[in-house]
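Position chain B relative to chain A; hints supplied.
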Amino acid sequence: MNNKVNTSFLSCLAGAAIILICWEIFALIVNLPIIPHPVKVFQKLYMIFGTTISAHLLHSLYRILIGLSCAVLIGVPLGICIGYFPKIERLFSPLVYLLYPVPKVALLPIVMLLFGTGDTSKVLIIFAIIIFQIVLSIRDSIHDISEELYYPLKSLGASFNDIFFDILWPASLPRLLTALRISTATSISVLFFTETFGTKYGLGYFIMDAWLRVNYLEMYAGIIVLSLLGLTVFCIFDLLEKTFCSWK
Amino acid sequence: MITISNLSASYHSDTELVPAITDISCSIDTGTTCAVIGPSGSGKSTFLRCIAGLQKNGYSGKITFNGEAVNPSEINIGFMPQRFGLLPWKTVKENIELGCKIKNVPLASRRKTEEILVNELGLQDKLERYPIQLSGGEQQRVGLARVFLLRPDVLLMDEPFSALDVITRESIQKVFFSLWKDASVTTVFVTHFIEEAVFLGQQIIVFSKHPGKILSTIQNPFFGRKDKVQSEEYLKFVYNLRLLLEKELNE
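From first to last, the protein sequence lines stand for chains A and B.
Numbered per the UniProt record's numbering, the first sequence spans residues 1 to 248.
Numbered per the UniProt record's numbering, the second sequence spans residues 1 to 251.
Source of the hints: derived by calculation from the structure; they are not laboratory data.
Note that the Cβ used here is the ideal one computed from N, Cα and C, for glycine as well.
Do not rely on the hints blindly, as some may be mistaken.
[As the list claims (entries may be wrong)] Here are the simulated lysine-lysine pairs, BS3-like style, with alpha carbons at most 25 Å apart:
{"#": "1", "chain 1": "B", "residue 1": "Lys126", "chain 2": "B", "residue 2": "Lys90"}
{"#": "2", "chain 1": "B", "residue 1": "Lys126", "chain 2": "A", "residue 2": "Lys242"}
{"#": "3", "chain 1": "B", "residue 1": "Lys236", "chain 2": "B", "residue 2": "Lys247"}
{"#": "4", "chain 1": "B", "residue 1": "Lys103", "chain 2": "B", "residue 2": "Lys93"}
{"#": "5", "chain 1": "B", "residue 1": "Lys236", "chain 2": "B", "residue 2": "Lys174"}
{"#": "6", "chain 1": "A", "residue 1": "Lys242", "chain 2": "B", "residue 2": "Lys90"}
{"#": "7", "chain 1": "B", "residue 1": "Lys181", "chain 2": "B", "residue 2": "Lys226"}
{"#": "8", "chain 1": "B", "residue 1": "Lys93", "chain 2": "B", "residue 2": "Lys126"}
{"#": "9", "chain 1": "A", "residue 1": "Lys87", "chain 2": "B", "residue 2": "Lys56"}
{"#": "10", "chain 1": "A", "residue 1": "Lys248", "chain 2": "B", "residue 2": "Lys90"}
{"#": "11", "chain 1": "B", "residue 1": "Lys112", "chain 2": "B", "residue 2": "Lys101"}
{"#": "12", "chain 1": "B", "residue 1": "Lys226", "chain 2": "B", "residue 2": "Lys236"}
{"#": "13", "chain 1": "B", "residue 1": "Lys126", "chain 2": "A", "residue 2": "Lys248"}
{"#": "14", "chain 1": "B", "residue 1": "Lys93", "chain 2": "A", "residue 2": "Lys242"}
{"#": "15", "chain 1": "B", "residue 1": "Lys126", "chain 2": "B", "residue 2": "Lys101"}
{"#": "16", "chain 1": "A", "residue 1": "Lys248", "chain 2": "B", "residue 2": "Lys93"}
{"#": "17", "chain 1": "B", "residue 1": "Lys103", "chain 2": "B", "residue 2": "Lys56"}
{"#": "18", "chain 1": "B", "residue 1": "Lys101", "chain 2": "A", "residue 2": "Lys248"}
{"#": "19", "chain 1": "B", "residue 1": "Lys174", "chain 2": "B", "residue 2": "Lys226"}
[To be verified] Okay, the calculated beta carbon distance ranges per label pair:
{"#": "20", "chain 1": "A", "residue 1": "Ile88", "chain 2": "B", "residue 2": "Ser231", "range": "56 to 62 Å"}
{"#": "21", "chain 1": "B", "residue 1": "Leu17", "chain 2": "A", "residue 2": "Leu98", "range": "31 to 37 Å"}
{"#": "22", "chain 1": "B", "residue 1": "Val18", "chain 2": "A", "residue 2": "Leu98", "range": "32 to 38 Å"}
{"#": "23", "chain 1": "A", "residue 1": "Ile182", "chain 2": "B", "residue 2": "Gln133", "range": "27 to 33 Å"}
{"#": "24", "chain 1": "B", "residue 1": "Glu128", "chain 2": "A", "residue 2": "Val105", "range": "44 to 50 Å"}
{"#": "25", "chain 1": "B", "residue 1": "Leu17", "chain 2": "A", "residue 2": "Phe244", "range": "38 to 44 Å"}
In isolation and in its complexed conformation, chain B is listed as follows:
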């Protein structure tokens, strides 16, 4: 379980320290997903960076994973940034295997998984290509293969599907959901899309506008339920979330 207590973080502007998030407390159960939504500039990305141990200065509070302080060198944290974070000078295969290389995981032990992932994600004939030779959707698939090959303890994704067009985004969401069901990795992701949060987040955390605070934490009954998207309950649920965000923006 990820437990976050009284987390506040700030960043340096030209002249002063500006708070990005204030007094965030929440918990995310092991093997579940949590979607974070909120207005632009509400500190959602800062929140993720804090969990990943990437925010070295300017934060206070406590973040633990299974009771222990989060230490990137001790646990496997898969991080997928907005533009997928693929290294342009590495081939698709090298990018996929990068996480294992950093963590000194013998690749021989992951060959079977790698083969399955590559096949499931349709990357068989693209392994020797460079990221620049791939479409946005393909790059996203490589990013997913990289994090799932590592079998991380925690998966953090910062607007992972926002750079994709609607059709590709929905297709990749389904791919992600299928991979996630097999791995059941504890996942926190930030998104701008309410429908995405409802499809992929078992728990939805709504952030207030800048500086980010938790407005609401919602248990989502429609997680993974694409079959319910036309139902009245689903539409009402999404509408209420939208209303919450609109109200926050207009205040």
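The shape of chain A in the complex, shown without the other chains:
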């Protein structure tokens, strides 16, 4: 187990080293302020992290966590109901298929008009992006459960509670984590976009503001923090998968 952790940590470090080397070579070739040297960016990041970026990071993190939590709390039961009860599926599936392809970012002006330019509209957009992927993934994972797995429980008169906790929830957990991993990456990109409107806090605002001030070192520092935020979320999902889906 320790060897596995060490290997994956070393692979991660090797990946980061390759990116940094490529970046440094590119900066040397281009030799323009728009592509600063990575060392300078990291120095800047170290200087401003505690004073400036951390506040922006916390705001972004808060919006992602709230959006993600709401999507899970509503999406998981909805996905399970759609997957398990054919009548509910007949009612909701067309609705999901109709709404899922709508580009949620295009709804931002409407959401802002309805809910203001504060956190609510940003959280709602993240929620709208994640929930469809969760609902569809959970529904599909329920469909994939072999009928045979239900028989030993149903023949004993198992309640829906038993079916839910012994079959539906554990069977859908791996797909849920995959859906979260994919949709979180999308939601971070969208978060960047939404934070460029009506707010003075958030990594999106920080990066755009630094760009407008032609402060490329701060802009890159913001981009690095945003990608580290994504990396952290991915690592958390990986850890959850290893802990709760070790049976795979």
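Chain B in isolation, oriented as in the chain A frame:
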């Protein structure tokens, strides 16, 4: 005693209701085993699902256990599907104890039985493993431990040993027979193998081809008699069963 009267069941195809079994009537004495054999698609699995109360729609007729309508929440029905029905996300121990958990049977009262079963089935060092880490034979043993730990009133098995290779199958059949002798649970099982039906079924019901009807109900004198497999009577008995099935298939 399980009594089945005029049981018919059908399933939905894309456009219509297709009969799976028609007008099945039979009875299985308490504490005996009954093997169901017949051509593929003759509705044997549907028949089992009806007894287990798993066929919610599309069936008519009456199924009673000791005179009362079968109700899964009132009696213990152990059901073992073809692929053993183990939950992949539960460890061997959790799978074994699942039936008791569903039926709210205090596990403390079954600890001794569980220990004996686990030892008899050779699962002592596999309790913390997941089904994916077990061979087919080991998974089958876990399935058996699960149903026998619950001490069901009725045990239903749908081609329980068909996924195993010949050697493992014969070994598991013997294990099953030994466990069954101790528990004497009323058992109905579906099988494709005539020899299996003859070894493990006190009564053998032969189904016709689709839609399934009872062709013949036979009291089996060779139940549990592995010592007789070379005898002329045994071979004749098996041959006659094979002939019956072949005739049905060729008709």
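Okay, the hints, checked on the actual structure:
With a CA separation close to 12 Å, the supplied pair lysine 126 of chain B and lysine 90 of chain B stays within the 25 Å bound. With a C-alpha separation of about 20 Å, the suggested pair lysine 126 of chain B and lysine 242 of chain A falls inside the 25 Å cut-off, and the hint holds. As the CA atoms of lysine 236 of chain B and lysine 247 of chain B are separated by approximately 16 Å, the hinted pair is consistent with the 25 Å bound. With a C-alpha separation of about 16 Å, the suggested pairing of lysine 103 of chain B with lysine 93 of chain B holds against the 25 Å cut-off.
With a C-alpha separation of about 23 Å, the suggested pair lysine 236 of chain B and lysine 174 of chain B falls inside the 25 Å cut-off, and the hint holds. Straight-line distance between C-alpha atoms of lysine 242 of chain A and lysine 90 of chain B comes to about 15 Å, which keeps the hinted pair within the 25 Å bound. Of the supplied pair hints, the one linking lysine 181 of chain B and lysine 226 of chain B holds, its CA atoms being roughly 15 Å apart against a limit of 25 Å. Note on lysine 93 of chain B and lysine 126 of chain B: the hinted pairing holds, with a Cα-Cα distance of about 8 Å set against a maximum of 25 Å.
Distance hint between lysine 87 of chain A and lysine 56 of chain B is fulfilled; the C-alpha atoms sit about 16 Å from each other, no more than 25 Å. Among the hinted pairs, lysine 248 of chain A with lysine 90 of chain B is consistent with the structure: their alpha-carbon atoms are about 11 Å apart, no more than 25 Å. With a CA separation close to 16 Å, the supplied pair lysine 112 of chain B and lysine 101 of chain B stays within the 25 Å bound. Restraint check: the Cα-Cα separation between lysine 226 of chain B and lysine 236 of chain B comes to about 15 Å, which is no more than 25 Å; the hinted pair holds.
This hinted pair checks out: lysine 126 of chain B and lysine 248 of chain A have alpha carbons roughly 17 Å apart, not beyond 25 Å. Taken as a hint, the lysine 93 of chain B and lysine 242 of chain A pair is honoured in the structure, with Cα atoms around 20 Å apart against an allowance of 25 Å. About 20 Å separates the Cα atoms of lysine 126 of chain B and lysine 101 of chain B, which keeps this hinted pair within 25 Å; it holds. Of the pairs offered as hints, the one joining lysine 248 of chain A and lysine 93 of chain B holds, with about 17 Å between alpha carbons and a cut-off of 25 Å not exceeded.
Between lysine 103 of chain B and lysine 56 of chain B the alpha-carbon distance is near 21 Å, which keeps this suggested pair within the 25 Å criterion. A distance of roughly 23 Å separates the Cα atoms of lysine 101 of chain B and lysine 248 of chain A; the hinted pair therefore holds under the 25 Å criterion. Among the hinted pairs, lysine 174 of chain B with lysine 226 of chain B is consistent with the structure: their alpha-carbon atoms are about 9 Å apart, no more than 25 Å. With their beta carbons about 59 Å apart, isoleucine 88 of chain A and serine 231 of chain B fall inside the hinted range of 56 to 62 Å.
Separation of leucine 17 of chain B from leucine 98 of chain A is about 32 Å and conforms to the stated range, judged on CB atoms against 31 to 37 Å. A hinted range of 32 to 38 Å for the beta carbons of valine 18 of chain B and leucine 98 of chain A is consistent with their spacing of about 34 Å. For the pair isoleucine 182 of chain A and glutamine 133 of chain B, the supplied restraint of 27 to 33 Å holds, since their beta-carbon distance comes to about 29 Å. For glutamate 128 of chain B and valine 105 of chain A, the Cβ-Cβ distance of about 48 Å falls inside the hinted range of 44 to 50 Å, so the restraint holds.
Under the hint 38 to 44 Å, the C-beta atoms of leucine 17 of chain B and phenylalanine 244 of chain A, about 42 Å apart, fit the expected range.
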